[in-house]
Amino acid sequence: MPKASDISVLVVDDQQSMRGICKFILNQLGFKEITEAKSGRDALGKLEKTKIDLIISDWNMDDIDGLTLLKVIRKHPRTKGMPFIMATGRSDKEQVKEAIVAGVNNYIIKPFDAGSMKKKIEAVVGVLA
Amino acid sequence: MSLARAAPQGLERGRITNVHQGDCHVSGDLEATLTTVLGSCIAACVRDRVARIGGMNHFLLAEQSGAARDRYGASARYGAFAMEQLINKVLGEGSGRKSNLEIKVFGGGNINSSLADVGAKNAEFVRGFLASEGYEIAGEDLGGTFARRLMFRPVQGRVFVKRLDAAAGKTVAREEMAIADRQKVEVSTDDIELF
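Just so you know, the sequences run in chain order A and B.
Numbering of the first sequence is given in my numbering, commencing with residue 1 and proceeding in unit increments.
Numbering of the second sequence is given in my numbering, commencing with residue 1001 and proceeding in unit increments.
Worth flagging that the hints you see were computed from the coordinates, not collected in a lab.
Take these hints with a grain of salt, some might be off.
Listed below are several chain A residues computed to face chain B (Cβ distance under 8 Å; list not exhaustive) [said to hold, decoys possible]:
| no. | residue |
| --- | --- |
| 1 | GLN15 |
| 2 | ILE21 |
| 3 | ASN60 |
Note that the structure is a prediction, hence the values are computed from the model and not measured.
Cβ coordinates follow ideal geometry from the N, Cα and C atoms, glycine included.
Construct the entire structure; sequences and hints are all you get.
In structure tokens:
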């Protein structure tokens, strides 16, 4: 049973307040190692340097959006199996399909709270201790 | 008086869309006017100057969320999502460049003594949100002790604000709180289970 405190999470969002909200909720769930990236490009840089176990990324971002980031991650041998949750306001089924095809592990619609976030994370990494 | 008769010249024609509490509308229609009535609520008017497209949201943080300990509380999260939704919609349908955005904010009136400083907290929230995201406020009419009728031409960027009298203000405040109680920070439940 994985422990939240042992899982290193990368939160990717171009809006500072959204990263803050996500971090706040992750802290509530017991996550301690949280790295922030303010864009898709920044996320790729952080993945080079930091040990990451789970990515929670926004869809809409200025430079590299969440979907493109996911595709890049799935192509790279070192990161291709990395759990990836897309956090977005979009609930369009076509877009969800696009994310599934690209290999997203799960999908969370904003606004979310600690309960829904926990459910999504557990669906990806297993029930937390 | 009808809305059309109360409006300044140029706003009374074309397509008028009411932006209700909880709504977010974006339009690139030259003839569009987005309108709403605000008591303690906030409406942000976001326009892409280059793409000539704009939109308006309308939200109320009914719970107190100004304190640092509650910076990411349920109410503030709702406000942040409302702002993000509008900004992303305008960026998505516009040029996609944040530097092209022009943002004006309205509302946050303290029009009912029983509502304490809900209006001021809402105004504080929206100013804080925009500052933390690095956006300048191009125009604002926040606070005061009155309700407002707001009309926004999303393509032209023109905003008309009419301050309402005390009686109208009290009615608006009551309606806003009733709606806020019904909408109370609903967590999205329409998401899709993939696995």
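**Q.** Evaluation of the interface hint that places A/ILE21 against chain B, nearest CB under 8 Å
**A.** OK, holds: A/ILE21 within 8 Å of chain B, min 5 Å.
Q: Using 8 Å as the Cβ threshold, decide whether A/ASN60 counts as touching chain B.
A: holds, 5 Å
Q: So, A/GLN15 near chain B? Judge it on the closest CB pair being under 8 Å.
A: holds, 6 Å
In this structure, every one of the numbered hints holds.
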